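Could you put the whole structure together from the sequences, leaning on the hints where they help?
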Amino acid sequence: MAPVEGSREAADRSASPSNLQVLMARYQQGDLAAATDLIHRLSPQLHRFFVVQFAGRGDADDLLQETWLRIHRVRHTYRAGEPVLPWLYAIARHIRVDHYRKARRAAGREECLEGLPEVAAAPSPESGRTPDLEALLAPLPASQREVIEMLKVAGMTLEEVARATSSSVGSVKQKAHRAYEKLREWMGGPP
Amino acid sequence: MRDREIDNILNRAAQAPHDVDPALLDRVTASIGASLRPVRPVPPVWVLASGLILICAAVAVGGAALLGFHGIQNLSVLERALIFPALAILVFLAATTFAGQMIPGSRRRVAPGALPGVGSFALVAVFAALFHDYRTVDFVHQGIVCLAAGLILAIPAGLASWLLLRRGFAVNTVAAGLVAGTLAGVAGVTMLELHCQNFEALHVMLWHTAVIPVSGVVGASLAWFFRFRAR
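Order-wise, the sequence lines are chains A and B.
Residue numbers 686 to 876, in our numbering, belong to the letters of the first sequence in order.
Residue numbers 5 to 235, in our numbering, belong to the letters of the second sequence in order.
Don't take every hint at face value.
[Said to hold, decoys possible] Quick look at which bits of chain B chain A covers, simulated, 3 or more residues with Cβ under 8 Å:
1. 23-29
2. 35-47
3. 105-111
4. 168-178
Since the hints were derived computationally from the structure, they do not count as laboratory data.
Remember, it's a predicted structure, so these values are computed and weren't measured experimentally.
Glycine included, every Cβ here is placed at the ideal spot set by N, Cα and C.
As structure tokens, this is what we get:
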């Protein structure tokens with residue numbers, strides 16, 4: 686069965702949940718050092734979240750900035766003791782969806798001159814080279830890419846991903862399972 | 005290829021460092037620092053949901069007090085014991101879902117899109133089990149009067165609910181509007197059950213229950229309109 690929990694390495698990489706909760710509480714109390722710490726700790730994974738969703742690096746920069754400004758405006762909606770990442774990613778996701786809608790409206794008015802970007806060659810498990818996550822997740826639909834990104838990069842649990850995506854744990858499990866099936870097919874056939 | 009191997013590849017890819025332009029982070033920090041002041045966190049979901057339940061109860065009882073408690077006076081004990089607990093469960097589900105919609109990353113108990121449908125279906129089932137008079141006297145006229153009364157009462161319930169949750173932030177505005185409309189609609193139906201003494205099965209099943217989906221659709225449409233205007 687596909688990944689049922691976020692990877693431990695990912696969880697270790699991101700700040701520990703209780704630390705984030707303390708920092709969020711201090712940020713709500715007006716502590717600039719805590720706000721700065723949060724921005725520096727969480728921005729790389731948020732930026733990657735946007736890049737993985739096919740935003741160009743420039744777009745990802747804009748979306749990251751917009752996300753932090755929105756987080757700042759609605760920081761009172763975070764409840765002390767609750768996990769920070771689902772709250773943060775729910776907002777980031779909202780910004781991304783808004784951006785997608787605007788981009789789609791703009792694209793509807795523009796004439797497309799180029800074809801779709803090519804999907805990179807599938808990495809082999811034996812190769813020592815570190816595969817590029819964006820290229821790796823490119824064949825997946827946006828909803829599956831989002832779930833895998835949250836589980837693997839942000840190190841969130843299934844419950845946290847369900848909260849961030851306003852869905853059920855069952856639906857998250859199903860998306861992760863389907864993503865693994867698609868990746869298996871892309872990378873090299875049946876188990 | 006096994007799941008473990010895919011897992012390893014994904015983990016290796018996820019561990020690769022991902023840098024963000026330090027100048028961008030400095031800009032973000034500076035703009036946040038310029039307007040940083042202490043804020044009071046929103047109350048927990050259960051407190052907000054309790055407030056919503058009180059609002060709905062007050063609006064429904066207040067409306068019925070104005071129009072008269074003819075319905076509940078003519079209901080049997082069994083009918084009261086089944087209808088009002090069913091409405092109470094619906095109010096609870098709608099209130100907790102609405103409060104959750106206004107706090108990003110909240111745990112979801114019911115899908116907002118399913119709430120009006122499931123709520124209406126449950127009420128129709130309760131009414132079908134209790135009322136067996138299938139005559140239809142002045143069906144449309146009496147029905148429209150009840151539907152209109154329920155919807156009119158849903159307006160103050162909906163407005164008061166939005167007012168209570170105005171500090172929240174809906175990541176999905178339309179879903180929040182749908183649930184708010186559904187909650188207000190349940191308040192409208194509760195008033196009708198307290199007031200209306202027309203117990204014809206089809207009247208109650210169609211016109212009373214219709215307040216919930218109609219109010220939900222109105223709530224979602226208003227939310228969509230305001231989101232569209234905000235762009």
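Consistency of the hints with the structure:
Counting residues of the segment 23-29 of chain B whose CB lies closer than 8 Å to any CB of chain A gives 5, so the stated coverage by that chain holds, three being the minimum. Note: the segment 35-47 of chain B has 11 residues with beta-carbon separation from chain A under 8 Å; the three-residue rule is met and the coverage holds. Counting residues of the segment 105-111 of chain B whose beta carbon lies closer than 8 Å to any beta carbon of chain A gives 6, which meets the minimum of three for the stated coverage. With 5 residues carrying a beta carbon less than 8 Å from a beta carbon of chain A, the segment 168-178 of chain B meets the three-residue requirement, and the given coverage holds.
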